[in-house]
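Quick note, the sequences are listed as chains A and B, same order. With the first letter of the first sequence counted as 1, position 46 gets the number 46 in our numbering; the numbers rise by one all the way through. With the first letter of the second sequence counted as 1, position 307 gets the number 307 in our numbering; the numbers rise by one all the way through.
Incorrect hints may appear among the rest.
Unchecked claim - A partial selection of chain A residues facing chain B, derived with a Cβ cut-off under 8 Å: (1) Leu32; (2) Phe79; (3) Pro82; (4) Ser86; (5) Asp90; (6) Asp329; (7) Val365; (8) Ser368; (9) Thr369; (10) Gly370; (11) Asn371.
Calculated from the structure, these hints are not laboratory results. As the structure is a prediction and not an experimental result, all values here were calculated from the model. Beta carbons: idealized from backbone N, C-alpha and C, even for Gly.
Number of protein chains: 2
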Amino acid sequence: MRSGISASEALAAVLEATPVLGSETLALSDALGRVLAEAVASDRTLPPLDNSAMDGFAVRRADCAGAGPEAPVVLPVAFEVPAGASDVSDLAPGQAARILTGAPVPSGADAVVRQEDTKRTGDRVAIHVVPDPGEHIRRAGEDVQRGETVLTAGTRLGPAHIGMLSSLGRSIVAVHQRPRVAILSGGDELVEPDGDVAGGRIVSSNSWSIAAQCRELGAVPVYLGIARDTPSDLEARFRAGLAADVIVSSAGVSVGDRDYVRDVLEKIGCRLHFWGVKMKPGYPLAFGRVGDDERGPLVFGLPGNPVSAMMTFEQFVRPALLRMGGRRDLYRPIVRARLDETLRKKPGRMHFVRVTLERDGSTVVARSTGNQSSGVLKSMIRAQGILLFAADAEELPAGSVADVQVIDPDFLAADAPGF
Amino acid sequence: MRSGISASEALAAVLEATPVLGSETLALSDALGRVLAEAVASDRTLPPLDNSAMDGFAVRRADCAGAGPEAPVVLPVAFEVPAGASDVSDLAPGQAARILTGAPVPSGADAVVRQEDTKRTGDRVAIHVVPDPGEHIRRAGEDVQRGETVLTAGTRLGPAHIGMLSSLGRSIVAVHQRPRVAILSGGDELVEPDGDVAGGRIVSSNSWSIAAQCRELGAVPVYLGIARDTPSDLEARFRAGLAADVIVSSAGVSVGDRDYVRDVLEKIGCRLHFWGVKMKPGYPLAFGRVGDDERGPLVFGLPGNPVSAMMTFEQFVRPALLRMGGRRDLYRPIVRARLDETLRKKPGRMHFVRVTLERDGSTVVARSTGNQSSGVLKSMIRAQGILLFAADAEELPAGSVADVQVIDPDFLAADAPGF
């Protein structure tokens with residue numbers, strides 16, 4: 001087990017140990033946002049037939065020669081083709097057929113004239129334009145050819161993918177499983193939100209923020225409750241989490257006498273990869289895996305301070321959970337931001353500074369959210385970004401530019417639609 | 001009713017008619033992503049007591065005068081303060097107290113020396129540093145003062161907010177309701193995904209993509225199925241949607257004979273605000289509201305072509321649904337992108353061009369997804385952005401720069417964590 005490693009060494013160790021989960025088969029209505037675990041080929045041609053893109057009249061172009069706004073060609077309307085028609089007559093020379101959007105183009109027709117360019121009187125229609133070849137006809141197979149691979153494994157399913165899968169008749173799809181994350185917190189001072197806080201007790205808020213962090217990225221939290229500060233209770237709760245893909249424990253990973261976590265982890269067969277990352281907040285982060293093969297759950301022992309717990313989840317657990325679910329884009333958007341104030345620290349640990357972000361023309365201005373104590377959850381509430389202050393750096397002067405991970409998606413939203 | 005209006009006129013009309021929905025009361029575990037409908041004040045002080053930020057020893061600074069790495073001050077360890085302790089002794093002059101992270105600081109102590117800077121032998125501890133005043137002590141109220149308004153109405157709840165609400169004992173919160181969206185499609189050629197597509201029938205994929213678009217932004221789709229092309233069936237399905245906040249119908253808004261939608265809308269008391277927007281894809285978009293007061297559902301009649309339906313939802317229904325749910329950030333992120341090819345069109349309609357996006361150093365390059373036919377759903381699957389080609393423009397030359405709405409959130413994800 002390593003100790004006192006850098007944040008990037010820690011992330012590399014986590015990702016190296018993180019498997020992509022296997023697949024599950026879902027109803028299409030439940031598949032939004034999930035990652036395809038199969039390639040999808042089409043069993044059909046789309047559209048299935050040449051069909052009309054407009055309401056209007058199917059014609060033979062040759063019959064419209066010379067037509068113009070003031071000089072219509074008048075044709076008899078031989079029949080009508082509604083959408084969904086299955087038995088369509090052929091269009092003979094010198095005829096027009098009334099046709100609706102989506103309806104199959106009759107054999108013989110080579111263009112559709114839209115209704116706005118015609119004038120119908122009884123069973124005859126005046127055509128006022130010469131259509132281009134194939135105009136307003138959607139060709140069979142224009143969208144999808146039979147046998148074509150339409151979606152590849154690894155594709156994240158957005159609304160257009162769901163629509164496409166439905167149009168291929170795929171009401172069931174195979175996607176990567178969502179990671180199940182067992183969450184426990186430990187400490188005799190902790191109560192649930194409805195608990196009595198007399199005598200300095202506090203709510204086990206880490207479990208709530210961590211469960212929400214899991215939900216936000218599509219993982220399934222399984223909350224195992226508050227462990228009392230005894231080895232037996234802690235062990236029982238860890239064992240209850242062994243069926244999950246990941247166990248996240250907050251508290252119990254610092255150096256104090258009552259931190260039995262290490263012993264308990266050993267008892268349940270967890271091999272630790274590292275303990276202690278040169279970062280602030282969040283130094284006392286532990287990571288390991290239960291068992292020797294790829295099947296045991298990953299174990300993250302997060303620090304107990306509210307901000308440290310959220311920050312270490314954000315930097316290490318989040319990318320691991322995304323990868324487990326088959327995602328390839330594991331990281332937050334990064335903006336280059338101008339510092340509004342000078343930041344100073346001792347070299348040695350990388351600082352993850354909670355900042356607000358504001359646009360100033362084309363630049364982004366970052367300001368510390370204030371008290372950066374790892375106990376001050378309010379700094380996390382206000383934070384729109386996490387400014388990266390490198391381990392060996394000592395000063396970031398006001399006006400200098402730094403990378404900021406954007407954690408507030410609303411910051412990226414535009415103020416106007418662009419039109 | 002207006003017709004042939006611009007996209008921005010259409011959006012303004014939609015948003016003017018869109019109410020913010022009322023509140024509902026939710027368990028905290030269901031509130032992630034929702035918008036607070038109440039201000040939340042704290043009934044408690046957080047942290048409740050001065051407590052230790054580290055495992056170590058509580059001391060009086062005066063007793064540590066002159067301590068250094070080679071010259072420790074040795075103090076007796078008078079007692080121990082575990083986390084969650086409620087009855088803590090006072091620290092007398094000349095004493096140290098063993099203290100764990102989160103445990104209350106004993107009266108009399110004015111700093112905590114972290115364990116790493118001490119060496120304990122039996123009931124005595126050697127202190128190797130002189131702590132700063134208050135060092136490693138988290139002050140009562142440092143995070144939240146009793147009575148303080150911690151969250152304001154209108155706040156979107158992220159993981160940190162959920163954690164904070166839990167720490168305030170708020171296991172129940174009032175948030176804005178999610179809009180319920182009744183979805184129907186119409187056309188005799190349509191079947192469900194498990195239906196028989198012989199004879200040129202196609203799947204009613206619009207309902208599936210629209211339902212997914214609703215889910216993606218947190219709205220609740222209520223799928224009313226496929227209406228046959230008869231006025232009575234269409235009317236029955238529209239009436240089934242009257243209890244929803246929004247009705248979205250795809251198909252049945254073009255000019256054809258069988259488009260009974262207008263008559264049906266009139267029958268159910270829908271007053272149309274506009275019909276026809278100068279855009280491509282998506283011209284035949286209709287918008288109105290049922291009833292004269294603010295209680296009737298909004299009605300969107302989307303065009304039937306798959307891309308037109310998704311695009312008009314994206315531009316008009318999406319911002320309306322976000323506003324209904326209490327959101328203030330209604331628009332996609334916009335990037336300025338360099339065009340990889342020349343785009344041309346006739347003036348008159350604004351074009352929403354589906355593009356892929358690629359980073360080239362600090363610039364973003366946009367490429368058309370190819371066939372921009374409104375029937376080609378594949379163009380929507382590939383699209384990472386929607387390039388805005390203004391109504392009165394005729395050409396966007398290769399190399400020029402245009403605004404692109406980013407619809408693929410993964411495009412914004414960074415390739416690396418930034419450290």
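Against the structure, the hints:
1. At about 5 Å, the closest approach between the beta carbon of Leu32(A) and any beta carbon in chain B falls short of 8 Å, and the interface hint on this residue holds.
2. With 8 Å as the threshold, the beta carbon of Phe79(A) stays out of range of chain B, its nearest partner Cβ sitting at about 13 Å, so the hint is violated.
3. Checking Pro82(A) against chain B by beta carbon gives a least distance of about 6 Å; that is within 8 Å, so the hint holds.
4. The beta carbon of Ser86(A) is positioned within 8 Å of a beta carbon in chain B (closest approach about 4 Å), and the interface hint is therefore held.
5. Annotation: Asp90(A) was flagged as interfacial toward chain B, and the flag is violated, the nearest CB pair being 16 Å apart, outside 8 Å.
6. Annotation: Asp329(A) was flagged as interfacial toward chain B, and the flag holds, the nearest CB pair being 4 Å apart, inside 8 Å.
7. This hint is violated: Val365(A) has a C-beta 18 Å from the nearest C-beta of chain B, more than the 8 Å allowed.
8. For Ser368(A), the interface hint is violated, since its Cβ never comes within 8 Å of a Cβ in chain B; the closest pair sits about 16 Å apart.
9. About 11 Å separates the beta-carbon of Thr369(A) from the nearest beta-carbon of chain B, more than 8 Å, and the hint is not met.
10. For the restraint placing Gly370(A) at the interface with chain B, the shortest Cβ-Cβ distance is roughly 11 Å, beyond the 8 Å limit, so the hint is violated.
11. Interface restraint check: Asn371(A) against chain B, minimum CB-CB distance 7 Å, threshold 8 Å, status holds.
Violated hints, in rising order: 2, 5, 7, 8, 9, 10; the structure is consistent with all others.
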